[in-house]
Amino acid sequence: MSQYFVLPDLLPALPELFLLFMGLVVLLVSIGKKSSAQTVAFALTQLTLLLTFVLVIRGVSSEIEYTFSNMFVRDMLADFLKALVCLTVVMTLSYSRRYLVERVAIPMGEYCALSLLATLGMMVMISANHFLPLYLGLEIMSLSLYAMTALNRNDATATEAAMKYFVLGALASGFLLYGMSLVYGVTGSLEISEIAMRTGGKLYVEGMDKTPLVFGLVFIVAGLAFKLGVVPFHMWLPDVYHGAPTAATLFIAAAPKLATFAIVIRLLVDGLLPLYEDWQSMLMLLAVLSMGFGNIVAIAQRNIKRMLAYSAIAHMGFVLLGLCCGVVAGGDQRLHAYSSSLFYMVAYLLATLAAFGLIMMLSRAGFESDRLDDFKGLNQRSPWLAVMMMMLMLSMAGIPILFGFFAKFAILSAVVAAGYYWLAVLAVIFSLVGAFYYLRLIKIMYFDEAPADALPIEVPFSTRVLFSVNSLAVVLIGVFPQNVMVMCASAFYHSYQFQPY
Amino acid sequence: MDFEAFIFFFLATILVVASLRVITARNPVHAVLYLILAFFTAAGVWLLLEAEFLALVLVMVYIGAVMVLFLFVVMMLDLDLDQVRQGFWRYMPLGALIGFIIVLEMGAIFTHRIFQESAVVPMPGESNTRMLGAILSTDFAYPFELAAVLLLVAIVAAVALTYRGGRTHSGSRAINPAEQVRVQAADRLRIVKMPVTREESEGVEGEEAGTEGEQTGETKAC
Chain A
1 MSQYFVLPDL
11 LPALPELFLL
21 FMGLVVLLVS
31 IGKKSSAQTV
41 AFALTQLTLL
51 LTFVLVIRGV
61 SSEIEYTFSN
71 MFVRDMLADF
81 LKALVCLTVV
91 MTLSYSRRYL
101 VERVAIPMGE
111 YCALSLLATL
121 GMMVMISANH
131 FLPLYLGLEI
141 MSLSLYAMTA
151 LNRNDATATE
161 AAMKYFVLGA
171 LASGFLLYGM
181 SLVYGVTGSL
191 EISEIAMRTG
201 GKLYVEGMDK
211 TPLVFGLVFI
221 VAGLAFKLGV
231 VPFHMWLPDV
241 YHGAPTAATL
251 FIAAAPKLAT
261 FAIVIRLLVD
271 GLLPLYEDWQ
281 SMLMLLAVLS
291 MGFGNIVAIA
301 QRNIKRMLAY
311 SAIAHMGFVL
321 LGLCCGVVAG
331 GDQRLHAYSS
341 SLFYMVAYLL
351 ATLAAFGLIM
361 MLSRAGFESD
371 RLDDFKGLNQ
381 RSPWLAVMMM
391 MLMLSMAGIP
401 ILFGFFAKFA
411 ILSAVVAAGY
421 YWLAVLAVIF
431 SLVGAFYYLR
441 LIKIMYFDEA
451 PADALPIEVP
461 FSTRVLFSVN
471 SLAVVLIGVF
481 PQNVMVMCAS
491 AFYHSYQFQP
501 Y
Chain B
1001 MDFEAFIFFF
1011 LATILVVASL
1021 RVITARNPVH
1031 AVLYLILAFF
1041 TAAGVWLLLE
1051 AEFLALVLVM
1061 VYIGAVMVLF
1071 LFVVMMLDLD
1081 LDQVRQGFWR
1091 YMPLGALIGF
1101 IIVLEMGAIF
1111 THRIFQESAV
1121 VPMPGESNTR
1131 MLGAILSTDF
1141 AYPFELAAVL
1151 LLVAIVAAVA
1161 LTYRGGRTHS
1171 GSRAINPAEQ
1181 VRVQAADRLR
1191 IVKMPVTREE
1201 SEGVEGEEAG
1211 TEGEQTGETK
1221 AC
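Which chain is which? The protein sequence lines are A and B, in order. Sequential numbering from 1 applies to the first sequence in the working numbering. Sequential numbering from 1001 applies to the second sequence in the working numbering.
Derived by calculation from the structure, the hints in this document are not laboratory data. Computed from a prediction, not measured in an experiment: that's the story for all the values here. C-beta atoms are modelled at their ideal positions from N, C-alpha and C, and glycine is treated no differently. Please note that a few of the clues may not be correct.
[Said to hold, decoys possible] Between beta-carbon pairs, the in silico distance windows are: (1) A:371 to B:1060: 50 to 58 Å; (2) B:1111 to A:188: 49 to 57 Å; (3) A:157 to B:1154: 21 to 29 Å; (4) A:211 to B:1111: 29 to 37 Å; (5) B:1154 to A:368: 27 to 35 Å; (6) A:206 to B:1137: 32 to 40 Å; (7) B:1056 to A:208: 47 to 55 Å; (8) B:1069 to A:468: 49 to 57 Å; (9) B:1100 to A:211: 41 to 49 Å; (10) A:188 to B:1061: 24 to 32 Å; (11) B:1061 to A:197: 33 to 41 Å; (12) B:1020 to A:58: 56 to 64 Å.
Turn these sequences into a full structure, and let the hints steer you where they fit.
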């Protein structure tokens, strides 16, 4: 303990500091009552996120830097995830702009400020090397998300969704904290890299009974599963996706998943690797249940937001599948397995962003285009949007040459390399089940008649371009997956020095 | 069993019983009062552990601020306020008992020498309040600042979710005193000139109805 405050090295945390400062500026700007103040707040938010992205990119280096008494870590993985988070939030807000402007009940200024603060929380989570910042970042993010869900106060379903999200999110935080306190009790440290060393020492050198650690681990995994939304901790997900305003749904569905992925890596792979046998089997169970339950229940949904919620549960199951194949009897293939999970995450993000973006494009003031029936005959109303949506659905289903296929392929190859053939077979079967509801949406768009009273689709040119670029990226990365794969792998390679398999 | 262990078991028994009663009490007000007792007893246990700063914070923040607010909210939630007021004398013995126990505990803690001197002194010459302060502003400055951001988010969220004035006037019951003061008689009262007609009864009726309408409008506006 140092007696006097020594100014820490602030340079690694420059993007976070900038984001916090600009978040406060946006908050002040949004006080203005005129509608122009709201426009300025929105533009400033987007500019801030883009500049933060630039700052993150400028700081990329392969060495690992610690600051703030080792509580903050900046490595390649953190840089990669932070850059992705910034871009994801920029795209989320661009899609949401018109949706939010049309709904006057949602105050734009507060929405923008809360998005920036939520992004700050995610970046803190991604860079956490200590239980305290990890937990605080998680809470900053979650609290902003609860508020963004409830911002449309006159909507009873949104309020209900926010309430459910809040209560279950608090429960999950409680689980996580309880698990952390048990791990702290055993190891006597809150610092994640220190915990890894001490657990290894206690288990392998001192030969300690690992029961108390596993007891804590169970709670940590349960808390993480809640936040990630995997079966059996998924109850909040469909209701929140359905009830929240679509803009908030997209926000919740996209960037926070990346941040949660980051803390799963930090806590399990970084901190509790000596317990890999235990958490790998837990994650395996969660993954199988999620893929099965998510894909089967999604078939019964008539609301596309609910359908995408169950599909997200299934996708998160796939991500966990990669995480549970890192350390196996055959050898260390962590680099392969974890970078596949990250690769899958990117595929999921791109498809989710565009799919929810389309729902918002088809909505207008007083009308949510969130039932499957609202997509009837989309091909007649707008052939281009229908083609793009078809690509997204095919990618989510995992049809070859699209991004989603290579993501599933990477995960499955990691599973097979780990020797879990039965797991790979199960994953393929559940993907086939899942293909049904993705293809059904394509059938609805192309072979059903549009209702006679359907209004023409008016989409601003810029949103249309963004949507097209986003959807075409899904196709292009499918054709040339190497670049993204290499980025994911090098992020892990330079951060953890896993040996190439 | 030495005296310290006796104090511990004494406090622990009260703590466990009070905590159990928090969840078993039918009446929410009883539950909150038991929770106050539980917090206070927990503060006593912490004093035994020589964590005097935490004990003080628990008493000041939780009992002094949070629980009073909580009690207030629980009473507000009970829509039948008369019932709560009627029950005062029923709650009185229990509340007095809890107050008495708290005073007893406090007296025991502050008068008995077992709490003044202890066998194990963690670091002589250092109070843990001072140590906590030092570590919060040096090593733990980063999470400390993050906690501040978290509180800011909570404030923004609370204001955004409850503020109903300003941006949209629909559903806002906010009044502007300046506008109220500047009001002219002409804004509130409209004098209508009616042509005199033969059927006096109808005309008078119409005029009366008109002024009545204006008057009710005025009282509403005020």
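To see whether the hints hold, each was checked on the structure:
1. A:371 to B:1060: 50 to 58 Å: The hint (50 to 58 Å, Cβ to Cβ) holds, given that residue 371 of chain A and residue 1060 of chain B are roughly 54 Å apart.
2. B:1111 to A:188: 49 to 57 Å: Violated, since residue 1111 of chain B and residue 188 of chain A (Cβ atoms, about 36 Å apart) do not stay within the stated range.
3. A:157 to B:1154: 21 to 29 Å: Holds, since residue 157 of chain A and residue 1154 of chain B (Cβ atoms, about 24 Å apart) stay within the stated range.
4. A:211 to B:1111: 29 to 37 Å: The hinted range 29 to 37 Å is violated for residue 211 of chain A and residue 1111 of chain B, with Cβ atoms some 44 Å apart.
5. B:1154 to A:368: 27 to 35 Å: For residue 368 of chain A against residue 1154 of chain B, whose Cβ atoms are near 29 Å apart, the range 27 to 35 Å holds.
6. A:206 to B:1137: 32 to 40 Å: This hint holds: roughly 35 Å between Cβ atoms.
7. B:1056 to A:208: 47 to 55 Å: 36 Å, violated
8. B:1069 to A:468: 49 to 57 Å: 53 Å, holds
9. B:1100 to A:211: 41 to 49 Å: Given about 44 Å between the Cβ atoms, the range holds.
10. A:188 to B:1061: 24 to 32 Å: 27 Å, holds
11. B:1061 to A:197: 33 to 41 Å: Once the Cβ atoms are compared, 36 Å apart, the range 33 to 41 Å for residue 197 of chain A and residue 1061 of chain B holds.
12. B:1020 to A:58: 56 to 64 Å: 58 Å, holds
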